Amino acid sequence: MFTPRAVLLVNLLFCATVAAFNLPGQQCNRCHLATVTSYERSQMANAAIGQEFLKHWKNDDQSEKCLLCHSPSNTRGIICQDCHSGDGHQQGLADEVSVCARCHDAPGENTVRSYRKSMASMQGLVCTSCHLDFKNTGHEFLGPSTPGFMTDVVNLKLSLRKQQNELNAIIQIRHKAGHSLPGGTIGRSVWLKIDAFDRYCRVIESSQVRFGWLKTQHGDMIDNSLLAAKTKMIEIPILDREKTAGIDARMIYRFAPGAIDLMDEREILLEQKSYILSQSLMNCVDLNEGVKFIK
Amino acid sequence: MMVMAWTVHAENGRQYISVPELQEWIRQGKDLELIDVRGKQQYQSGTIAGAVNAGNDPKGYLPAVHSDPIILITTDDINSNQLDRWVMRLQNVKDQIWILSGGINAWIAQGEPLEKPDEYYTRPGSVPFIIPKGLCEQGEPAQVYD
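Sequence lines, in order, name chains A and D. Under our numbering, think of the first position of the first sequence as 1, with each following residue one higher. Under our numbering, think of the first position of the second sequence as 1, with each following residue one higher.
Just so you know, the hints here were simulated from the structure itself, not pulled from any lab data. The structure displayed is predicted, hence computed values, not measured ones. From the three backbone atoms N, C-alpha and C, an ideal C-beta is built for every residue, glycine too. Worth double-checking, as some hints may not be accurate.
In silico contact screen, one side only, chain A against chain D (beta carbon under 10 Å); selected entries [said to hold, decoys possible]:
no.	residue
1	Ser121
2	Leu125
3	Val126
4	Leu158
5	Leu160
6	Met233
7	Gln272
8	Tyr275
Calculated cross-link-like contacts (lysine-lysine; reagent style DSSO-like; alpha-carbon spacing at most 30 Å) [what the hints assert, rightly or not]:
no.	chain 1	residue 1	chain 2	residue 2
9	D	Lys116	A	Lys215
10	D	Lys116	A	Lys273
11	A	Lys193	A	Lys273
12	A	Lys193	A	Lys243
13	D	Lys59	A	Lys243
14	A	Lys162	D	Lys30
15	D	Lys40	D	Lys30
16	A	Lys162	D	Lys40
17	A	Lys55	D	Lys30
18	D	Lys40	A	Lys243
19	D	Lys94	A	Lys230
20	D	Lys59	A	Lys273
21	A	Lys193	A	Lys215
22	A	Lys176	A	Lys273
Only chain D is shown next, with the shape it has when bound in the complex (with noise of 0.2 Å):
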């Protein structure tokens, strides 16, 4: 089985980022911005910690203005075309690019979790509840929203 020698390095003018690198930085706790482009129907099967459902039109998507490198979350067989638009569209506003190298498939096979995005996204007003009035409720809340 071939090593990869590097953890990250460039390839036709894109930068690519290998999974034990990518597994380092999120060790660190090194801000990061993961954006995932493989659509949606797939995101939700699953995907890694943190990551950004952008949809799969980069057209669509405007990306949050901030520093942080962003890493994308491809399928492992996207074509080189689509890939660049993603690119292109980040750099507007980007410095920091990676693509993590052999996309998804490459985290799985290295034994990496992925979580349902469901398990952390919350939508408003979808959980019913009530806003505790007192400091402190001795967890018997005698004062609450009606």
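If we strip away everything but chain A, and leave its shape as in the complex, we get (with noise of 0.2 Å):
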């Protein structure tokens, strides 16, 4: 008997082979050949033979669980009966948000959890509202991937506070998504990156928080995710008051999980706010591009 990895595998190596790969989705060509097609192009569809994902499953000891989810059916990816379940002629999804579920809200994403609770639910709208294109009869899901998807989901407002001897940084994120930011696996995140610079753009403080799924000391998992339509705050004490010539705040979406400073050729800079302090500082800042540090 062929355990899941086993058939996996040799699918994969069959896929690299055989430029002609028989989906079983194909069967649904003969009717819906321009939405299959458009649905190929999709991230889903290709779930298991990512890069991304091959390379972290491979660290995870191929664990078979992973694939209940990259390869329901032991393809290189989701399917159209994976969602669309029944036999012969497939039928339409009866709920679609609880098909998304399976998946979405499996252990390590909350992705339909929040939305349940959220301002879009409660609307009407349902996932493919947002991620899917339906232009052109097409069924090719959108997100962060997709050029553009993430522009002006993020509202991020920079204010100060000066009392006394303090100075504060006030950073007010708030988000359109329809569920937690960041969705998806825990890998995900988005980072606020606060830098204080100095009247020659030279970065001389600097502080990073980490939206997304984080582990405590005591080894549970919590969800730090941006809740959908509640603002969330961040306060951050800006030490060096005297040398202080301007802040910049940055809000950071990253698909390579780990620390901020790890190579993420995909991050998407999602919103930039600058607060400028001293004229002398108009040398090194671009009112259109920002501030340029000095590294």
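Bring the two chains, given one by one in their own frames, into a single complex with the hints.
Now the structure itself:
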């Protein structure tokens, strides 16, 4: 008896050597060619062959648990039948959100759970209202990997409060996602990076806050993602008030797990706000491009 | 009991917004900036969800630059000079400044909830945590930062 892992490995090998890989979903082509063609461009259709997944799957001893979502039918990703269950002619989704929840509420995800408490849910929006491109009968799922998808998702406000000898940066974060941000698995994260810089644009203080899943020192996983339609506030004391000539706040979306200084070529700058406290900074600040930091 | 006939109104050149109208804006998810100017102690004892503690000195507050309307949360007995100082301070960068009519007490009188800022304030480094290193940890995180 072959294990799912063995079947997937054979399939992946087959996929790599045969150009016309025979997806079970291809039987849907007969009537839904455009739909299937666009779907096959999705990350979901290729969930088990992505470089990032394969790298972590191998590190995780090729656990079969991962395949429950990444390759439920032992193919290169999720196929039509995995969501549109039924034999013969496939059926529609009786409860679309519950179908997505099978994986997007799996351990280490709370995307659908947070959606159910959101304004989007109350307004009757469902997952595909935002994540599916219905144009031209398309079935390509949209997400952070889709160029432009994250544009204007985050609203970042930066204000300052000076009182007595204290200077505090106050950051308000609000986002438009219909679920917690970031959605997706544990490794996804959104970072807030705050830099205080001197009049030469040299960074003199830096703080980072990570939103996403965290592990406490006691080993528990806690969800520290940004709730939908709820303002999150961060207050950061700026220690060197005398030298600080400006403050820069950035929200960054990252795909790669781990710390912010690890390379992630796909990271997305979601929003950036700067506060200039000294006119002498103008030679190193471009109002259109933000602060040009000197490393 | 007198029922307020307006939801927004102007008085002495200042614009006011009633509690029901503010509730409606919040319910609609309208982008707003709530600024609490009652001072740290009162702010920390409870404020409207999402409000910023701007301190009680208008000179010390540098507001965020954006086009969202500002809602000023005050005590109901704030003196008019102090109120004008706040409005003048904010008018430098804002078009729309609304004062919550009746202040925080009117909000409470309508049975609206207050939130303790500590519940949603985060200070970097205040909670020790480890960043997950794996993409999907299946509830059994094995790869973590040391």
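(request) Of all the hints given earlier, name the ones this structure violates by number, lowest first. (result) 1, 2, 3, 7 and 17
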